[in-house]
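Chain by chain, the residues run as shown.
There are 2 protein chains.
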Amino acid sequence: MKILEERIEKEGKIYPGNIVKVGTFLNHQLDTTLLMQMGEEIARLYDGEGVNKILTVESSGIAIAVFAGYKMGVPVVFAKKGETKNIRGDVYSTEIESFTHKRTYNVIVSKEVMGPDDKVLIVDDFLANGKALEGLMDIVKQAGAELAGCAIAIEKGFQGAGDRLRNKGVRVESLALIDEMTDDSVKFRR
Amino acid sequence: MKILEERIEKEGKIYPGNIVKVGTFLNHQLDTTLLMQMGEEIARLYDGEGVNKILTVESSGIAIAVFAGYKMGVPVVFAKKGETKNIRGDVYSTEIESFTHKRTYNVIVSKEVMGPDDKVLIVDDFLANGKALEGLMDIVKQAGAELAGCAIAIEKGFQGAGDRLRNKGVRVESLALIDEMTDDSVKFRR
Numbered sequence: 002m003k004i005l006e007e008r009i010e011k012e013g014k015i016y017p018g019n020i021v022k023v024g025t026f027l028n029h030q031l032d033t034t035l036l037m038q039m040g041e042e043i044a045r046l047y048d049g050e051g052v053n054k055i056l057t058v059e060s061s062g063i064a065i066a067v068f069a070g071y072k073m074g075v076p077v078v079f080a081k082k083g084e085t086k087n088i089r090g091d092v093y094s095t096e097i098e099s100f101t102h103k104r105t106y107n108v109i110v111s112k113e114v115m116g117p118d119d120k121v122l123i124v125d126d127f128l129a130n131g132k133a134l135e136g137l138m139d140i141v142k143q144a145g146a147e148l149a150g151c152a153i154a155i156e157k158g159f160q161g162a163g164d165r166l167r168n169k170g171v172r173v174e175s176l177a178l179i180d181e182m183t184d185d186s187v188k189f190r191r
Numbered sequence: 002m003k004i005l006e007e008r009i010e011k012e013g014k015i016y017p018g019n020i021v022k023v024g025t026f027l028n029h030q031l032d033t034t035l036l037m038q039m040g041e042e043i044a045r046l047y048d049g050e051g052v053n054k055i056l057t058v059e060s061s062g063i064a065i066a067v068f069a070g071y072k073m074g075v076p077v078v079f080a081k082k083g084e085t086k087n088i089r090g091d092v093y094s095t096e097i098e099s100f101t102h103k104r105t106y107n108v109i110v111s112k113e114v115m116g117p118d119d120k121v122l123i124v125d126d127f128l129a130n131g132k133a134l135e136g137l138m139d140i141v142k143q144a145g146a147e148l149a150g151c152a153i154a155i156e157k158g159f160q161g162a163g164d165r166l167r168n169k170g171v172r173v174e175s176l177a178l179i180d181e182m183t184d185d186s187v188k189f190r191r
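Chains Z and H, in that order, give the protein sequences.
The opening position of the first sequence corresponds to residue 2 in the numbering used here, with each subsequent residue numbered one higher.
The opening position of the second sequence corresponds to residue 2 in the numbering used here, with each subsequent residue numbered one higher.
Just so you know, not all the hints are guaranteed correct.
Note: identical chains are not told apart, hence a pair may lie in one copy or across any two.
Claimed, not checked - Straight line, CA to CA, 30 Å or less: simulated DSSO-like cross-link-like pairs of lysine-lysine:
(1) LYS82 / LYS22
(2) LYS169 / LYS82
(3) LYS22 / LYS112
(4) LYS14 / LYS132
(5) LYS112 / LYS3
(6) LYS11 / LYS120
(7) LYS103 / LYS14
(8) LYS169 / LYS11
(9) LYS112 / LYS188
(10) LYS72 / LYS103
(11) LYS132 / LYS82
(12) LYS188 / LYS120
(13) LYS3 / LYS142
(14) LYS11 / LYS112
(15) LYS142 / LYS188
(16) LYS169 / LYS188
(17) LYS72 / LYS169
(18) LYS103 / LYS82
Quick caveat, the hints were computed from the structure, so don't treat them as lab data.
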C-alpha cells in the first residue's frame, strides 16, 4: 500500500535489533485518516470471504482492526493480556512471546464472544517473528471457528514468519512488506 | 446517548464492587457501528472548539478515541502503560491507579507527539474514580498543551469524580451517565 510505504520511509525510525518505530502515525500517535484508508484496503482484500469477526490483540492492533471492522460491518474482538477482573468465566487462553518487549504474555478471549459459527480475520500492526499471529490462530482454533486469514500493517519479511505461514496455506496480507532493512533505510517487496 | 444506554441496559452485566461489564460491545468485543456513532457524537459535542489532538490511554479507550479522531479529522495519541522499547528519548510520564484492576500504572507519552501548540480532547471508555482522567490531564499540563475537555463513554456518576471535575471548570461530556446502580439495574441521569 503506497501511502503506508511512503509514511514508513518518511517518518519511520530504525533502531538496533530490527525495530522500526512508527510511533508518529501508527502505534503511539495514530493518523486516523491513514488508518481508515488501511481499514478500507483490508476490507477490499477480504471482500466476499464471509468474515463475520475480526480478532486482534491489545493494544496497537486495535485501531487498525476497528477501522477494518467498520468498513466490513463486523465486530472486533481484542485479546487481553494477562488476567483482568472484567473478564469472568470461561476463556480461551494462549501464550504470546513479544518480539519487541522480549517477554511472554498470557492472552485471553472470553468464550462469550467467539465460537464455532465465526469466520475470523486476524488483524495486527506488525508481523515480526509471527508469535502473535500463532497465538491468535490458536485462539481461533480453540473457539472451533474458521480462519479466513490475516491482515497486517507492516510485515518484516526478512524475518521469514509471514512466508512460513503462507507456505502452510494461511492467507497473510500485509499492507507494507519490508524485505530488507539497513541502519537507515528499508526496502519493500513489490 | 440513547442507543448506548439501551445497549448497557440490554447487554451490560453488573458485578460486585460497582463494576459494569460491557465486554460484548465496548471493551473486549467492539461493536464498530456503535463506536462510529459514539465517535460522531463526540465530534458533534466538541465541534468548533479547535481540538487538534485526542489523548487516551491503552487499551480500551483506543477504539472510541480513533472513531472520534476520524470524525474530527485529528490524530489520536494513546498513553502507554509501563516502559516500552519502542518509545525512546524524552517522555511525559505520570501515575494512574486503575479502579478496576486495583493497581497503579506508570503511563507515558512521547514528547515528540504532544506540545504547547496542541489543544487536546481526552477520551476514555469509563469514568469511575477519575484517576485516569487526572493522569491524562497531568500529561496535557506537562506538555504545555491546552485542555479542551473530556469525552467519556460511560460515567459512573455516583462515584462523584465527574462532577468534582465539572465543579473545577473542566468540561466533561459522558455519552451515558449512570447515577444509580443496583445488583441488577442501572439508572441514567437525564
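Hint-by-hint comparison with the structure:
Proximity of LYS82 and LYS22 under a CA criterion of 30 Å is satisfied in both settings, with 22 Å inside one chain copy and 17 Å between copies. For the identical chains of this complex, LYS169 and LYS82 are intra-copy neighbours only, at 27 Å inside a copy versus 36 Å across copies, given an alpha-carbon limit of 30 Å. For a Cα distance limit of 30 Å, the shortest separation of LYS22 from LYS112 across copies, 15 Å, qualifies, whereas the shortest one inside one copy, 34 Å, does not. For the identical chains of this complex, LYS14 and LYS132 are intra-copy neighbours only, at 23 Å inside a copy versus 33 Å across copies, given an alpha-carbon limit of 30 Å.
For the homomeric pair LYS112 and LYS3, the shortest alpha-carbon distance between copies (28 Å) is at most 30 Å, but the shortest distance inside one copy (38 Å) is not. For the identical chains of this complex, LYS11 and LYS120 are inter-copy neighbours only, at 25 Å across copies versus 36 Å inside a copy, given an alpha-carbon limit of 30 Å. Within a single copy, LYS103 and LYS14 get their C-alpha atoms as close as 20 Å, which meets the 30 Å cut-off; across copies the closest is 36 Å, which misses it. Taking CA atoms no more than 30 Å apart as the test, LYS169 paired with LYS11 passes in neither setting, with 34 Å inside one copy and 42 Å between copies.
For a Cα distance limit of 30 Å, the shortest separation of LYS112 from LYS188 across copies, 29 Å, qualifies, whereas the shortest one inside one copy, 41 Å, does not. Taking identical chains as interchangeable, the C-alpha atoms of LYS72 and LYS103 are never at most 30 Å apart, the minima being 34 Å within one chain and 36 Å between chains. Taking CA atoms no more than 30 Å apart as the test, LYS132 paired with LYS82 passes in both settings, with 14 Å inside one copy and 21 Å between copies. When the C-alpha separation of LYS188 and LYS120 is checked against a cutoff of 30 Å, the pair qualifies neither within a copy, at 34 Å, nor between copies, at 37 Å.
For the homomeric pair LYS3 and LYS142, neither the shortest alpha-carbon distance inside one copy (33 Å) nor that between copies (37 Å) is at most 30 Å. Proximity of LYS11 to LYS112 under the C-alpha cut-off of 30 Å is restricted to the inter-copy arrangement: shortest distance 19 Å between copies versus 42 Å within a copy. For the identical chains of this complex, LYS142 and LYS188 are neighbours neither inside a copy (34 Å) nor across copies (40 Å), given an alpha-carbon limit of 30 Å. Taking the closest pair of Cα atoms, LYS169 and LYS188 come within 30 Å of each other only inside a single copy of the chain (25 Å); across copies the shortest separation is 53 Å, beyond that limit.
Only within a single protomer do LYS72 and LYS169 lie at most 30 Å apart by alpha-carbon distance; the minimum there is 28 Å, versus 40 Å between protomers. Taking the shortest alpha-carbon separations for LYS103 and LYS82, both the intra-copy value of 15 Å and the inter-copy value of 16 Å come in at or below 30 Å.
Consistency note: the structure conflicts with the earlier hints numbered 8, 10, 12, 13 and 15.
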